[in-house]
Amino acid sequence: MPSAPGGAPLADFGQRLAAYLLDGLVIAAVTLIPIMGVVFGTIALVFATIPQTPDRQGQPPVAPFLLIMLGYLVGIFLITFLAQYFYTVTYQLRRGQTVGKRVMKIKIVNVADGSPMDLRAARKRYAATAVLGLLGPASYLDGLWQLWDQPYKQCLHDKYAQTVVVRVPA
1 MPSAPGGAPL
11 ADFGQRLAAY
21 LLDGLVIAAV
31 TLIPIMGVVF
41 GTIALVFATI
51 PQTPDRQGQP
61 PVAPFLLIML
71 GYLVGIFLIT
81 FLAQYFYTVT
91 YQLRRGQTVG
101 KRVMKIKIVN
111 VADGSPMDLR
121 AARKRYAATA
131 VLGLLGPASY
141 LDGLWQLWDQ
151 PYKQCLHDKY
161 AQTVVVRVPA
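For the sequence shown, my numbering gives the first residue as 1, with consecutive numbering after it.
Hints are not guaranteed to be accurate.
[To be verified] Ranges of calculated distance between the beta carbons of each label pair, as one might list FRET restraints:
1. G41 with D149: 18 to 28 Å
2. A127 with F40: 31 to 41 Å
3. V46 with P9: 26 to 36 Å
4. G114 with F65: 46 to 56 Å
5. A48 with A127: 13 to 23 Å
6. D149 with A48: 27 to 37 Å
7. L17 with V46: 51 to 61 Å
8. P151 with L45: 18 to 28 Å
[Claimed, not checked] Straight-line C-alpha distance at most 30 Å; calculated BS3-like pairs for lysine-lysine:
9. K105 with K124
10. K159 with K105
11. K124 with K159
Think of the hints as simulated: they come from the structure by calculation, not from any bench. If you're wondering where the values come from, they're calculated on a predicted model, not measured in any experiment. By construction, the Cβ of each residue, glycine as well, lies at the ideal position given by its N, Cα and C atoms.
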């Protein structure tokens, strides 16, 4: 079994994928209440602010609705972005593990010597994942990269942050 610097065995694809999916559930649960507040607040704002006076064609004005919806989308983006950033970076700094990684018994370490990663590495991992996530289906390349990477089975965000994911001894 391949190992990282420091001798810890590397995490496999299944462990990392399961941890990623579990973390997705945690983020969804954490952001659900604030996002529902934005949704219901937006609906209330739409009904309260769009004038009932129709335009020349007999339709309600569209511009106020579009501005409100833009604010709605920005609000949801910010809630999700900030929740994911703080969840990911904060948890990874504490023990090198998010909740999903802890359940799957894996953690993130520095690729050079197996030491815990620092704030800069945690931010770099998150930034790389976020930027690659904007590429649509091409973002899957980040997670799949570990399947052919040698010798450390790193994803692209691991390479950028100089980290590796290892199994935690039982």
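Structure-based check of each hint:
1. For G41 paired with D149, a C-beta distance near 45 Å fails the hint of 18 to 28 Å.
2. Roughly 32 Å separates the CB atoms of A127 and F40, a value that falls within the hinted 31 to 41 Å.
3. Checked against the given bound of 26 to 36 Å, the beta carbons of V46 and P9, roughly 54 Å apart, lie outside it.
4. With their beta carbons about 55 Å apart, G114 and F65 fall inside the hinted range of 46 to 56 Å.
5. The supplied range of 13 to 23 Å is broken by A48 and A127, whose beta-carbon atoms lie about 39 Å from each other.
6. A C-beta distance of roughly 54 Å is found between D149 and A48, which places it outside the suggested range of 27 to 37 Å.
7. The hinted range of 51 to 61 Å is not satisfied by L17 and V46, whose Cβ atoms lie roughly 39 Å apart.
8. Separated by about 55 Å at the C-beta atoms, P151 and L45 break the suggested range of 18 to 28 Å.
9. Under the criterion of a C-alpha separation no larger than 30 Å, the hint pairing K105 with K124 is consistent with the structure, at around 23 Å.
10. At most 30 Å may separate the alpha-carbon atoms for a hinted pair to count; K159 and K105 meet this at roughly 21 Å.
11. Proposed proximity of K124 and K159 is supported: the alpha carbons are some 10 Å apart, at most 30 Å.
Against the hints set out earlier in the document, violations occur for numbers 1, 3, 5, 6, 7, 8.
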